[in-house]
Amino acid sequence: MAQIFRHSTNLISRLSIYGAAFIVAALGYAVYGLTGSPYVTDVNVARDQPVPFSHKHHVGELGIDCRYCHTSVEQSSFAGLPPTQTCMTCHSRIWTNASMLEPVRASYRDDKSISWTRVNALPDFVYFNHSIHVAKGVGCTTCHGPMQEMPLTWAANTLQMSWCLGCHREPEKYVRPKEYVFSTTYETPSNQLELGRKLVKEYKIQILTNCSTCHR
Amino acid sequence: MSDVFKILGERQPVKRDAERRGHDEHEEKFIPVAAVSERPLDFAAMRARLASSQGKRFWQSLEELAGTPEYAAFVAHEFPHDPANDAVADDTTSSKLPRRDILKLMAASAALSGLSACTKLPVEKIVPYVRAPEEIIPGKPLFYATSMPRARGAMGLLVESHMGRPTKVEGNLEHPGSLGSTDIFAQASVLTLYDPDRSQVVVREGRISDWSAFLTAVANARGDWQTSKGAGLRILSDASTSPTLGAQMKALLAMYPEAKWYVHEACGPANARDGAKLAFGRGVNCVYRLAQADVILSLDADFLYDGPRSVRYAREFADRRRITGPQSSMNRLYVLESTPSNTGAMADHRLPVRCREIDGFARALAAALGVGGASGAAAPEGLPAKWIEALVRDLQKHRGAGLIVAGDSQPPSVHALAHAMNAALGNAGKTVVYTDAIEVTPDTDGMAELASDIDAGAVTTLVILGSNPTYTAATDVGFSQKFGKVPLRIHFGLYRDETAELCHWHVPEAHFLESWSDARGYDGTIGIVQPLIAPLYDGKSIHEMVSVLMGKPGNSAHDIVRDYWKGQRPAKQTDKQFEDFWETTLHDGVMAGSALPARALPVSLDFGKLPASGNSGGLEVVFRPDPTIGDGRYANNGWLQELPKPLTKITWDNAVMLAPATAERLASQMGLKGLANGDLVELGLEGRKITGPLWVMPGHAKDSVTVYLGYGRKRAGRVGNSVGFNVYPLRASHAMTSGTNLLISRAGGKQVLATTQHHHAIDRGGEKVEEESVAAFRREVVRVGTLGDYRSDPNFAKDPEEATSRDLTLYPNYDYSKGYQWGMTIDLNSCTGCGACVVACQSENNIPVVGKEQVIAGRDMQWIRVDNYFRGNLDNPETYYEPVPCQQCENAPCEGVCPVGATVHSPEGLNEMVYNRCVGTRYCSNNCPYKVRRFNFELYSDWTTQSLFGLRNPNVTVRSRGVMEKCTYCVQRINSAKIESEKQDRGVRDGEIVTACEAVCPSRAIVFGNINDPESRVSKLKGQSRNYSLVADLNTRPRTTYLARLRNPNPEIGES
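Going down the list, the sequences are from chains A and B. With our numbering, letter number 3 in the first sequence gets 3, and the count goes up by one each step, no holes. Counting from 1 along the second sequence, just add 10000 to a position and that's the residue number in our numbering.
Watch out, some of these pointers could steer you wrong.
Below, a list of computed lysine to any residue pairs in the SDA-like style, where the Cα atoms sit at most 20 Å apart [to be verified]:
1. B:LYS10818 - A:VAL119
2. B:LYS10702 - B:LYS10125
3. A:LYS198 - A:GLY166
4. B:LYS10120 - A:ALA106
5. B:LYS10978 - B:PRO10929
6. B:LYS10125 - A:GLY166
Here are the simulated distance ranges between beta carbons [what the hints assert, rightly or not]:
7. B:PHE10949 - A:CYS90: 29 to 39 Å
8. A:GLU179 - B:ALA10803: 45 to 55 Å
9. A:GLU187 - B:PHE10578: 51 to 61 Å
10. A:ALA21 - B:GLU10853: 28 to 38 Å
11. A:GLY19 - B:ASN10813: 44 to 54 Å
12. A:LEU122 - B:GLN10984: 24 to 34 Å
13. A:CYS90 - B:GLY10554: 37 to 47 Å
14. B:LYS10104 - A:ARG67: 56 to 66 Å
15. B:LYS10104 - A:LEU122: 27 to 37 Å
16. A:THR96 - B:ARG10131: 15 to 25 Å
17. A:ARG67 - B:SER10981: 17 to 27 Å
18. B:GLU10449 - A:SER115: 58 to 68 Å
Non-contacting residues of chain B with respect to chain A, defined by C-beta distances greater than 10 Å in every case (computed) [said to hold, decoys possible]:
19. GLU10174
20. ASP10875
21. HIS10905
22. PRO10907
23. THR10968
Calculated from the structure, these hints are not laboratory results. C-beta atoms are modelled at their ideal positions from N, C-alpha and C, and glycine is treated no differently.
With these hints in hand, go ahead and build the complete structure from the sequences.
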């Protein structure tokens, strides 16, 4: 009986078996790349907002402190988004006729909240607490990026678990003196590691990588 | 699927005899629906078995004692209903899947599960305030003091509020009726608040109407009331302790002098009130000071469980049983009761006595104590004479430090005798204090009078405030039939219930968490009821309703309550001082110094005029409010329906409970081989008949039958409708708490009762291990001794091999000597088995309700369960409770078997459960020797009902289908306390972290803390010689340990 398969089939089959491993690996790599890409994470993608609020103007140019608006950042898990009243402390006096600010005035007038689009989002099974990070010397811009340069706000980091763990495993690479936590102009010093180790000790920063730190 | 599990099962370190037997015998057979046996119970065999173990054996149920194959099969199966052979959930899946298909499905799901990680987060909105309220910090809860109004005394609460949503109820430390703890009803009240079945609109004759139309209708009727001085107006309400309502009631009756206000409570204190009138000539409020009592006798009183006062009483009782070392002393509790109760389970001496014979006992006891005028009555036959003599001596020895408590089911004569005996023994004023009544509403049940008024055509308008008389009224009153004759019927209540259905108008009531009011606690202390949230459905408060009847519809409940107290202020108080007083009262939750003063009341009891003992012939029937849904008012609360009843562990049902001996006798009378649990029987009392399933209750009094009220509702809501059987039709006004000459016959058929008694059974070694051996002792999950045993050998409960076996492990020991190490102790000497921890945990941790079918399948989800063990003979066994949450093993068997690392250990000794990693293999649960893991077989959490979203604790994930869950020592509370302490640069203080179960526990049986801190309460308790761990021979090294139970029997009687 004649052979069904030619001799060369052996080669093809070998190649495809070994090749399959590469294809699977390549696919895996592609998926991994995709999940970390801005397409999925929206990192560096500025979001449309009902009012085109500019951190660049308010923080970078006017120098308003983060806590003027994000009032609960030192007390609560949630940093807080300012009520319309906070906007109106200034905007009842300045730019009172700017059409751009009409939604703010309308909100105050009609007692209807402004519905902002969340920029930095975590999945619901992650329980992040702002207050403890701020208290331990993690600067706002460490996670949120250069807010003072954002005309419209975007997320500067993926906020994926591997990114969180980067700091949770090696906090000395990221912590800064507490007095600079809310500074947007703070620059990482050249001796960060040395300073970081000192601060980790001083602030009693723990290496918290167990699951229930964030998940429960 | 069972094949797969069989293979895995053989790899388990713990092998159960029953497990293997079960697999062999039931390899291809259908797994029984529940462990409840189909065949009649063989009591003779059980007795023989108990006799051979010399009374030392612990047992959980009659089925276990009988060793039925159904029981063996049920406990052998980890998950009695695997989806692969699931006959309960879905018939289409009941055919077994071939192994190849399983493998294919597993491969496909593994492949797909990887893809599920590639989701994009949905776009979310953040909606800040326009003007932010000053106190609210987003992300931080606020706590407000309020009170839960209840007929027997309000309970002070602190309610946790997240962004305006009340989510969790805690006790108010400052309130004497709470002392920081609560009971199941207070815990579950927050679910009722969000219940989507609550009445949401004003209804007129079955059609949706509105409040203004109702106001118009009342305004029209008011014209008549004013001219007739309210002659045809009748108001029927629940009993209330609200001083404001009392004042309103007075004002209303002054406005309409011919009107009448009646009160109806289905399970009210009518007997206690009449008894007080016999003894003192007036109604009183009895405040027991259990903390001062060395010897307590309960005459059918379940004071450690029944009613809101039980919270305070359980604390005082447990405080007198706290053991710090062999020098500690304990009080002694004697209980006579017909129905086994939680109080009976705590007793040092318990006698099952028919409800109607306790009267005779009380007379004999009074005579023996020489209470003036008591004739030489003899105790009913069958009671051990030695017992009574010893009791008399014990009571006389502790004059002024003894206490006799009579229960609601007892006739007025028993209450009067208890007062007389307490007075004669010098206990009055010391262990029992009398004050004026706390109720402001009339103290007589007005149903009979109201019915005759209706018959006479005297009633033109009937306003029902909160009550549900067409469901709860005694049958002979015929209220439901007469009710229809009233020309205008108005109902006001939380639900559009059986009574509302028959009314012209129904107005939704505001829940107490939505309204302003005030209420007196058990000793008269006043607490202000302040709302946590605006009414969800525009409900009105009772004060607003009464105000409407008086023609003042504009008054808000807040103004009514505040104005009342402003009117009560001392003459010299300025407005500013009143403001301060009001603010302080709201903040503290209690009005300072408002407890009612004690009154010295002489007993003037004429024994000759004491009503004769009631007829006690034939089989008696005892009516009791259901332990978890009360008189039926909590029927639509899923947490309470699914909470196992303390002794039977039945959920979602009531049953006809009777003693094993009675079951035997009845079976032979009926000519049957025997009766089995779940057999439907018909009860007949004076021609009235009901049908319900049978439950043989060890320790029940013979020739007595107990049925719980509150079930069989028709208009409770989707949870409570058509659950159980309605007992009210059997009740008559002369037989409100018990009746005699009950006829019982077999109705034919069976009903499966969803009892959790066999669920999550810990392998106690069964018959493999020899009794008296060390191996048997190490498997003994309940350890009990007498106070005498403990004093002679303080180490009686200690595990002899614990220290040596500690390092017998293949794994390197983890160093737990640093940092916080969390641990818990549960003192079995304090636990009264009330189940408050179960509901508190359910509330704190967003635990779903699964329903009766799923409970039958062994899928109840409560993270902490209260196991129930019996010891001794069938007729009067000792009963022990054991709450079992996750034991947080240091060598956790569950962790090693998780293929995805979804359950791992934290450096602080927590056995963590990571829901977002869990893929639902259930290997962990299979490997857990304590059976504390719960699996979401279905999508149990309600992800669609809007109103329930408000209920959820935002700090705990709401789990989805296919995820394992379990207790984590309330890790959300641990984390939040740690964060606060870190921010303040200090350590977590002892007592700063309180788990939900610990916070709620009325008897303070549960203590949580850092075991590395030698000064912490938990360390000190763990240092006691009574400390032991469950199933220690497996060397799991649990962080949750137990403190052995001690009994304090009277040496003259000995161990009964």
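Fill in: Violated hints, by number in ascending order, as checked against the structure
Structure breaks hints 1, 2, 4, 5, 6, 10, 21, 22 and 23.
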